[in-house]
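Chemist: Residue numbers (numbering that gives the first Met the number 0), protein chains in the order written: chain A, 0 to 189; chain B, 0 to 81.
Quick caveat, the hints were computed from the structure, so don't treat them as lab data. Heads up, a few of these hints could be off.
Facing chain B, a subset of chain A residues (Cβ under 7 angstroms, in silico) [as the list claims (entries may be wrong)]:
(1) 23
(2) 27
(3) 66
(4) 69
(5) 70
(6) 87
(7) 88
(8) 91
(9) 92
(10) 110
(11) 114
Label-pair restraints from in silico Cβ distances [what the hints assert, rightly or not]:
(12) 116(A) <-> 78(B): 52 to 62 angstroms
(13) 1(A) <-> 22(B): 33 to 43 angstroms
(14) 79(B) <-> 116(A): 51 to 61 angstroms
(15) 24(B) <-> 128(A): 46 to 56 angstroms
(16) 41(B) <-> 59(A): 37 to 47 angstroms
(17) 55(A) <-> 18(B): 23 to 33 angstroms
(18) 106(A) <-> 55(B): 22 to 32 angstroms
(19) 79(B) <-> 1(A): 21 to 31 angstroms
(20) 78(B) <-> 53(A): 16 to 26 angstroms
(21) 18(B) <-> 116(A): 45 to 55 angstroms
(22) 31(B) <-> 47(A): 25 to 35 angstroms
Glycine residues also receive a C-beta, built at the ideal position from the N, C-alpha and C atoms.
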Amino acid sequence: MIRSFLNLFKESAQTFEEQEKGETVILLLRRHLFVLYLPLSMLGLFVLGPILIFLVFYTYIATNFLTLFLFLASIYYMILWLTGFYLLMMYSLNTVIVTNRRVIERNQLGFFDRQVSELHIYRIQDITVSTKGIIPTMLHYGDVIIQTAGTEQKFVFRQLPRPEEVRTTIMKAASMANAGVKDHPERGTI
Amino acid sequence: MEGGQNSAIIKVMTLQIALNAIMFAVYLIFWGAAFAILYHLVRFGVGTQPKRFAAVFLVGAVLLFTASVICFAKLDVASFIL
Chain A
0 MIRSFLNLFK ESAQTFEEQE KGETVILLLR RHLFVLYLPL SMLGLFVLGP ILIFLVFYTY
60 IATNFLTLFL FLASIYYMIL WLTGFYLLMM YSLNTVIVTN RRVIERNQLG FFDRQVSELH
120 IYRIQDITVS TKGIIPTMLH YGDVIIQTAG TEQKFVFRQL PRPEEVRTTI MKAASMANAG
180 VKDHPERGTI
Chain B
0 MEGGQNSAII KVMTLQIALN AIMFAVYLIF WGAAFAILYH LVRFGVGTQP KRFAAVFLVG
60 AVLLFTASVI CFAKLDVASF IL
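Extracted from the complex, chain B is given alone in its bound form (with noise of 0.2 angstroms):
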C-alpha cells in the first residue's frame, strides 16, 4: 500500500519536474522571439508606427506571459496521474 504511495508521488514529481523544463523552455522561445521582434521595430523602425507597434507588443507580451505563468502554477500536475 505504501509502496504504490511512493511511486505515485515519484510518478508525479517527474511529470512535475518534466512539464517545468518544458514550460521553461517554451518561455525562453517565447521571450528569445520577443526580443527578436522589439529589437527589429526599435533598431530599424523608421518613423513612430514601429515604436508604437513595440510599445503593444511588449505590454501584450507581459501580460500574456504573466497569464500564463498563474495558469501554469495552478495546474494540478496529480490530478493528471491520479
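Just chain A, with the same shape it has in the complex (with noise of 0.2 angstroms):
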C-alpha cells in the first residue's frame, strides 16, 4: 500500500479528466522551466528580506524583539509559501496534452478557473513553428502554432520547449491518425 502510495510520485498515470476509451497520451508538454525562473527568483529575493532585516538590526532585534520577529517572520514566509505554490500550480497546470486523438490545451487561469480547448487530430493542416529572441533560441523554446482546416482559428501554444520536436511527433501522429492506425508507438514528455 505504502509502495503504490509512493509511486503516484514517480509514475502516475498521464491521464486526465476529460479522457475518451482507447485514447492514450503522446506527448503532455508544459511551458518552458526559463518562464517560471523569473517570478520564483523574485520570490526568492523576497525570502531574503527577513534574513536581511535580522543581521542588520541584529543587537537590537535580538534584545528587544525576537519572538515578535520570529512571528511575523513566520507570518510573511507563510505568504511566500502560498505565492510560490500558486505560482507553480499556474505553471503545472497549463498543458498541452497530445493524444492519438486530439490536441487539448488546458488553460488555468486562476482559482476554480479553467479554460479547456481541444482539435482533432485529423484536422490538423500545418503546424508552424515560431522561436523568436536570443533567450528563446539559446533555451529551445517557442511557440507552436497549429492551423486546422477550414476557417477555423489557429491553436497557439506558447513557450514550448524544443518546438521542433513537437511539431515532428504532432504531424506524425496525425499522419497515423489519418491512416487509420490506431494505437502510437512513441509516448513521452517533452
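These two chains come separately, so use the hints to put the complex back together.
Modeler: Now the structure itself:
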C-alpha cells in the first residue's frame, strides 16, 4: 500500500479528466521552465528580506523583539510559501496534451477558473514553429501554431520546450490518425 | 493603585482576545488557500509533477504553520502595553 502510494510520485499515469476510452497520451507539454524562473527568483529575493533585516538590526531585535520578529517572519514566509506554490500550480496546470486522437490545451486562469480547448488531430493541416529572440533560441523554446482545416481559428501553444520535436511528433500522430493506425508507439514528455 | 492594575489587566486581556481572533482568521485564510492549491494540483494535475509539488507544499505548509503557532504562543502580549 505504501509502495503504491509512493509510486504516485514516480510513475503516475498520464491520465486526464476528459480522456476517452482507448485514447493514449503521446505528449504532455508544459511551458519552458525558464518562464517560471523569473517570478520564482523574484520570490527568492523576497525570502532574503527578513534575514537581511535580522542581520542588520541583530542586536536591537535580539534584545527587544526576538519573539515578535520570529512570529512576523513566520507569517511573512507563510504568505511567500502560498505565493510560490500558486505560481508553481499555475505552471503545472497549464498543459498541452497530445493524444492519438486530439490535441488538448488546458489553461488554468486562476483558482477555480479553467479553460479547456481541443482540436481533433485529423483536422490538423499544418504546424508552424516560431522562435523569436536570443533567449528562446538559446534555450530551445518557442510557439507552436497549429492551423486546422477550414476557416477555424489557429491554435497557438506558447513557450513550449523543443518546439521542432513537438511539431514532428504531432505531425506523425496526425498522419497515423489519417492513415487509420490505432495506437502510437511513441509516448513521453518533453 | 488597584484600579490601575485592573485596567491594565483588562487591556492585556482585550488585546490577547483581539490578537487571537485576528490570528484565527489569518490561519483560516492560509489553510483555505492551501486547500485550494492542493485541490487543484491533485484534482487537475496530469503526470507526476503536480503530485510532487502537492506533497512538498503540504509538508512545508504544516511546518510553517507549526512554527508560526509556536511563535504566536510565545508572544508576550503584556510587554506591548506595560
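Chemist: All the hints need checking, so say for each whether the structure fits it.
Modeler: Against the structure, the hints come out as follows:
no.: 1; hint: 23; verdict: violated, 13 angstroms
no.: 2; hint: 27; verdict: holds, 5 angstroms
no.: 3; hint: 66; verdict: holds, 5 angstroms
no.: 4; hint: 69; verdict: holds, 5 angstroms
no.: 5; hint: 70; verdict: holds, 4 angstroms
no.: 6; hint: 87; verdict: holds, 5 angstroms
no.: 7; hint: 88; verdict: holds, 5 angstroms
no.: 8; hint: 91; verdict: holds, 5 angstroms
no.: 9; hint: 92; verdict: holds, 5 angstroms
no.: 10; hint: 110; verdict: holds, 5 angstroms
no.: 11; hint: 114; verdict: violated, 12 angstroms
no.: 12; hint: 116(A) <-> 78(B): 52 to 62 angstroms; verdict: holds, 58 angstroms
no.: 13; hint: 1(A) <-> 22(B): 33 to 43 angstroms; verdict: holds, 36 angstroms
no.: 14; hint: 79(B) <-> 116(A): 51 to 61 angstroms; verdict: holds, 55 angstroms
no.: 15; hint: 24(B) <-> 128(A): 46 to 56 angstroms; verdict: holds, 50 angstroms
no.: 16; hint: 41(B) <-> 59(A): 37 to 47 angstroms; verdict: holds, 44 angstroms
no.: 17; hint: 55(A) <-> 18(B): 23 to 33 angstroms; verdict: holds, 27 angstroms
no.: 18; hint: 106(A) <-> 55(B): 22 to 32 angstroms; verdict: holds, 24 angstroms
no.: 19; hint: 79(B) <-> 1(A): 21 to 31 angstroms; verdict: violated, 48 angstroms
no.: 20; hint: 78(B) <-> 53(A): 16 to 26 angstroms; verdict: holds, 19 angstroms
no.: 21; hint: 18(B) <-> 116(A): 45 to 55 angstroms; verdict: holds, 48 angstroms
no.: 22; hint: 31(B) <-> 47(A): 25 to 35 angstroms; verdict: holds, 28 angstroms
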